[in-house]
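Trainee: Work out the full structure: start from the sequences and follow the hints.
Taking this note's numbering, the leading residue of the sequence shown gets 26, the next gets one more, and so forth.
One or more of the hints may lead you astray.
[To be verified] With a cut-off of at most 27 angstroms between alpha-carbon atoms, the simulated DSS-like pairs for lysine-lysine come out as follows: (1) K86 - K104; (2) K97 - K120; (3) K120 - K86; (4) K86 - K97; (5) K97 - K54; (6) K54 - K120; (7) K54 - K86; (8) K54 - K104; (9) K126 - K54; (10) K126 - K86; (11) K126 - K104.
Simulated from the structure, these hints should not be mistaken for laboratory data.
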Amino acid sequence: MKKILLVILVLLFTFSAHSFNSSLETIQKSANASSPAEFNINIENPSNTNNTYSVSILSPKSPWFYYPNTIKVPANSQKSTPITVSPVENALQQKYRFDGKIREEQTGEIQDFTGFFNVEQPYKLHIISTT
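Mentor: Below you can see the structure in the form of structure tokens.
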């Protein structure tokens with residue numbers, strides 16, 4: 026019985042040691058057609074092996090997003106990768122939300138993140154004379 030318990034504890038420790046950490050950092054929160062919003066995905070790989078992570082973003086405005094589909098992080102290191110959000114010229118001026126997932130390809134572990142950005146459009150006033 027003690028041997029089984031010891032094996033289970035070793036397995037649990039092994040799986041928890043390979044867990045990764047991730048975060049989303051806001052660089053530029055406001056965007057328009059000529060100036061994108063910018064974020065960084067930060068991934069820390071605490072394992073002793075090189076790992077590849079897949080990135081996906083879920084948003085009704087997903088064509089506005091530019092980011093790598095995969096990120097390779099060397100063993101025992103961290104890496105930051107940019108996400109750029111470039112709204113179309115006639116995008117509505119408002120606050121937008123997006124959700125994303127980072128998946129470690131070797132273990133299948135998934136971490137979620139959420140971000141927000143504002144689309145700010147310059148006001149254009151067109152005065153038409155009727156006289």
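Trainee: Hint by hint, note whether the structure agrees.
Mentor: These are the hints, each one checked on the structure:
{"no.": "1", "hint": "K86 - K104", "result": "holds, 26 angstroms"}
{"no.": "2", "hint": "K97 - K120", "result": "violated, 31 angstroms"}
{"no.": "3", "hint": "K120 - K86", "result": "holds, 12 angstroms"}
{"no.": "4", "hint": "K86 - K97", "result": "holds, 26 angstroms"}
{"no.": "5", "hint": "K97 - K54", "result": "holds, 26 angstroms"}
{"no.": "6", "hint": "K54 - K120", "result": "holds, 10 angstroms"}
{"no.": "7", "hint": "K54 - K86", "result": "holds, 16 angstroms"}
{"no.": "8", "hint": "K54 - K104", "result": "holds, 21 angstroms"}
{"no.": "9", "hint": "K126 - K54", "result": "holds, 20 angstroms"}
{"no.": "10", "hint": "K126 - K86", "result": "holds, 16 angstroms"}
{"no.": "11", "hint": "K126 - K104", "result": "holds, 16 angstroms"}
The structure does not agree with numbered hint 2 stated previously, though it agrees with all others.
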